[in-house]
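There are 4 protein chains.
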Amino acid sequence: MSGSIFGNIFRVTTWGESHGLALGAVIDGCPAGLLLDESDIQKMLDRRRPGTSKYTTARKEADSCEILSGVFEGKTTGTPISVMVRNTDQRSRDYSAIAHVYRPGHADYTYQEKYGIRDYRGGGRSSGRETIGRVIGGAVAEKILSELGINVIAYTSSIGDIKIDKFDPEYLPSDPLGMPDKDASDKAQEYLKKCMADLDSAGGVIECRISGAPAGLGEPVFDKLESELAKAVMSIGAVKGFEAGDGFSVSKSRGSTDNDPFYMDGDRVKKSSNHSGGMLGGMSDGSDIIIRAAVKPTPSISKQQETVSDHGTDETIEIKGRHDPVIVPRAVVVVESMAAITVADMLLRNMSSKLDSLREFYK
Amino acid sequence: MSGSIFGNIFRVTTWGESHGLALGAVIDGCPAGLLLDESDIQKMLDRRRPGTSKYTTARKEADSCEILSGVFEGKTTGTPISVMVRNTDQRSRDYSAIAHVYRPGHADYTYQEKYGIRDYRGGGRSSGRETIGRVIGGAVAEKILSELGINVIAYTSSIGDIKIDKFDPEYLPSDPLGMPDKDASDKAQEYLKKCMADLDSAGGVIECRISGAPAGLGEPVFDKLESELAKAVMSIGAVKGFEAGDGFSVSKSRGSTDNDPFYMDGDRVKKSSNHSGGMLGGMSDGSDIIIRAAVKPTPSISKQQETVSDHGTDETIEIKGRHDPVIVPRAVVVVESMAAITVADMLLRNMSSKLDSLREFYK
Amino acid sequence: MSGSIFGNIFRVTTWGESHGLALGAVIDGCPAGLLLDESDIQKMLDRRRPGTSKYTTARKEADSCEILSGVFEGKTTGTPISVMVRNTDQRSRDYSAIAHVYRPGHADYTYQEKYGIRDYRGGGRSSGRETIGRVIGGAVAEKILSELGINVIAYTSSIGDIKIDKFDPEYLPSDPLGMPDKDASDKAQEYLKKCMADLDSAGGVIECRISGAPAGLGEPVFDKLESELAKAVMSIGAVKGFEAGDGFSVSKSRGSTDNDPFYMDGDRVKKSSNHSGGMLGGMSDGSDIIIRAAVKPTPSISKQQETVSDHGTDETIEIKGRHDPVIVPRAVVVVESMAAITVADMLLRNMSSKLDSLREFYK
Amino acid sequence: MSGSIFGNIFRVTTWGESHGLALGAVIDGCPAGLLLDESDIQKMLDRRRPGTSKYTTARKEADSCEILSGVFEGKTTGTPISVMVRNTDQRSRDYSAIAHVYRPGHADYTYQEKYGIRDYRGGGRSSGRETIGRVIGGAVAEKILSELGINVIAYTSSIGDIKIDKFDPEYLPSDPLGMPDKDASDKAQEYLKKCMADLDSAGGVIECRISGAPAGLGEPVFDKLESELAKAVMSIGAVKGFEAGDGFSVSKSRGSTDNDPFYMDGDRVKKSSNHSGGMLGGMSDGSDIIIRAAVKPTPSISKQQETVSDHGTDETIEIKGRHDPVIVPRAVVVVESMAAITVADMLLRNMSSKLDSLREFYK
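Residue numbers (my numbering), protein chains in the order written: chain A, 2 to 364; chain B, 2 to 364; chain C, 2 to 364; chain D, 2 to 364.
No wet-lab data here; the hints were simulated from the structure.
Being a predicted model, the structure only gives us computed values, none of them experimental.
Treat each hint with caution, since some may be false.
Pairs of lysine-lysine, DSSO-like flavour, derived with a Cα cap of 30 Å [what the hints assert, rightly or not]:
#1 A/K55 to A/K304
#2 B/K55 to B/K44
#3 B/K364 to D/K271
#4 C/K55 to C/K194
#5 D/K321 to D/K61
#6 C/K195 to D/K253
#7 D/K76 to B/K364
#8 D/K164 to D/K188
#9 B/K253 to A/K253
#10 A/K55 to B/K253
#11 A/K253 to B/K167
#12 D/K76 to A/K321
#13 D/K167 to D/K55
#14 B/K61 to C/K76
#15 A/K183 to B/K253
#16 D/K55 to C/K253
#17 A/K164 to B/K164
#18 C/K183 to C/K44
The following block holds chain A by itself, in its conformation from the complex (with noise of 0.2 Å):
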């Protein structure tokens, strides 16, 4: 079945593989009356680019985007806004070495076991590029949020065993790994280093944080915001983990301290403590919502691996080329963009829960 296509009102379909002829994203379903133009989404693409710090792979990709439809006169009609990435980096290519092996850590197999085929040049759509589809959405959906006053933020925690200790607005659009802690940043690029001059990759932890989100997000029981996140972050590659919240530390925590404690603010309801993430019994409790993704190292290294053939034979691998040492800088846009458009989607389908509101809406 299709898998390729995500959300429930607010809809995102994204299509395209590494070296096909381009990549892009239908997004039915946004509210219409919404201005949005190229570079609203341009300067959310630009934030995955490759070739930015010596952190990335070098492949030159200008990925520029064209809105196709869905927009008229600045603003969003209601209809399918299609916007498309072409690949311009297409130079041919000697796939000889991998056409037939399978990566380790990649999806070469598992494509290969599902469809039969698979597309081998650059991984085809199990491709990190695979994610400008997302980045579109996601561009889109943070223009909505905007225009509700919700923010959505990600950035790098943790590479390797370094964990950020703070977190410095300012500073964070400048760094290169996407921390906001410079101090953090400086021990992770050493970290880095190393594990390039070993031929080897690193893994690490992006955190979320969305504020200004109303109470009462998400739909119980299947389709929590908890559960809604989960899906979303969990469909990103090389993710492998997700928390909420304070996450797997819950484990070890106690009833009397994992509570968060309400009072009364003027007329508001607050949270004394955000344990929960900003969710409660799968809606969002009006503290920020705040989750985690566990990224794995890059699987291409330069590293000799032992794998096998498409045709049964036991055979060793250096995957040639230069290859992001780290995943997680350029990802930290797409779990943005993935959070975007699961508070979009939920933000929409919340708004027929009670009859008072159709009788407002329908007088």
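Given chain A's structure and the hints, the job is docking chains B, C and D onto it.
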């Protein structure tokens, strides 16, 4: 929007509140010809039933199930399977203490915000009793999986700081905490007694292992096996974290370690390690599928807590009655159920991946 | 794939077989705060109950419904509403005449081909009793619509050659055929008596009118109001045709006639005719929405028919027992229900069309 | 909610406006291994292209398609197939006559009401050019069906009062009105010339026949083959009626006539008539599947019409330019496409109906 339906082909709709007349599930899309009777479901329900050990609530419920449709002469017919469990322990209670006060760590506040109304009797739909419907669905799913040689087993891997050191399948069924390691369980029980003495509660981690699944399950891009499992498991109340394979520890790993080497075992492709948890590119790779869920401490504790009322006053609350001091043991079968439902659905979704399969099917 | 779930936000899951223990429906996505009790549903169920006139089967069923969840203190809570009707007329019968023979015009053969098994007792899931679940859903949907000033009414517009000439709303409820025209009904009853004397059955047409709906309901391109209504109505057993507005007669019309002129009535846009049946471009235009369903003659007839057995022999069959000589009168409330469910769902889907609506809702 | 995605496993997302940069479709869920190139799609697109006869608009569009993803080395890979058609005839026009006036019979008013904004250039998304995306999806679907020996063919069965009397497959491709009967077509052309002379337009009926489909396609209860086909066809602009098999004439038939007798033809079950149109109980019965669509007269006519402006004044309008005097001939391939998409989707959905099929597939 409705959030009580899970799955795409194998679809489970659950319904019911803690203190309503009954709870149940409707399973649509179950293949015809499966041997099924109440005992298949009852034995799963018995694993989540309250009152089975000193670490679970004393509420007495037989939780006895009735199949109302979809089975004829002992076999499923392809039509919806409706299964119901009547609530029997519905003696009238005094809810005045919680009817207008939001219990910290619970969904009271968020339900009120979203719907403008909530069934305060025992948490209504946000109660753990909601999982009866999940277990019904899981029982049917596991029956399908067992027909295909696929086995799903979940167990407690940690409570508080205490982790299992071994996996003893013989011992597991008799352990009151769902741990496959008697030594660890003994320590965990000591810890739980201490929590109970402190009028407090504990959290833990549940692990689930699916063995015998073919390679290729999961639908890229958004509906990867990992992302569907994440959604399934994160939708269970009190779960705050999800891992596949090495999970969060991948962030500290390196590519050369994290990549699982392939090798040929006769004519079969195998992996010499399983850091990936049986999934590559979001599709099963033929190894055991391994996932974990972090479960927060029971939010209902007898200790005094700060909170607010639904008319905007600060309050303190002490939650009366006896509650599970830890949710983990009873949630084990729920995690197993959600994993089984997800894998069953992905098995059905996978059948149309190749044109050759259509040709074979329709020849 | 499962086909027993209808709708996108307001979602109705139905279950149950003709001679199983019970039938029912689960309504997910109903807005919270709707006054609802069993009598709201029962009065709709009573309209489809057998045994109410000489033109319906003599099977005796109270068809009395029980609300099992989703309502608290007389109001919907936003959680799934589960409603069940127990089968009471389940005396053991002799099915040997039809257990292995395919009844012409019925679903026996196709169920057997699809599922390899079928519940031959009274048609199992393909029985008209399946519509109990639809009427349950319809009753809840009509309750929502009535809160918004939207009225849905269905009636028999023709039986055989006899068409209604007028619409008498006072008379309608008392007519045994669901016709709003006593003269036409009298003629139709004569025709039916003749069919019955011939051991034969008759067909007819049901019309449904939805008034008071706002303009803009329906989601272009594929989920137009017309297409969703068509799916809804064509999914009712025995319906073989669907029309919106002028329906098939548009094929003989001209643009200058078929186009409904607009005019201003104060500050409201109105149309001076309604050939479109209240829908333009697949969205409601503010006029009455008018649809029609063609219902085939009851396939169960006492006349001898040629058929085959499920072991591949030619057979003749005479279907014993008393059957409705015409399905139309009892199907009227089913068409009305499916229309109401569809409109309710489209009302909810429509709420997020404009960014301004989001701004208003979340301010 | 988004309405531009059709299907459950084989899913078609369409996008694009009449006077935007481009139109297209993304097909997700197409099985891997299908031979596909642009010519497969182009030949279908050419059948709906404007300017091919005097009965179609004079707008000049090459409507040349480009496959952007999902095909590798000539075969589908199982990943989304993105296909785009650039608009070339975008010379600037004077829209002042229609920018603020609602054309009768068009979607101008309803789009404005729903979205608060509309792309008035050529009808935007409500234009017939929207069907380009449907035909792209239909071309891929027909390619799958042809691999399985299933044939889909649509044709004009009537225009105005003139009905076809025979089916001449040799003649059909050359007929300017899509009629398989030269005599009827000649008469219809006379009728159309008269309509054109009157500055008016005509309607008609399209019939579609699907042969070679196996029994058992269609998912009871709501997702019957008939109901999915009804939704598919009624979603095409200007279609106001749908019939399966005998359609509305069943209302005048009797059970003894309408029921199709079964008989054995060797070891195959056959029917000696086909009043059911190849569907029983909503599932295909192995006979030819026959459906019909009623198409209204082109709403764009040169005759003067009464209407209103979007600022609330009564207006008259004469729609300039040359328009198709009848939509039917160009809609034939669109009906065929929607039927093919639906049947392809139902073929994939049907594969998991029996447990035995799973056992066979996963052994």
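Violated hints, by number in ascending order, as checked against the structure:
Violated hints: none; all satisfied.
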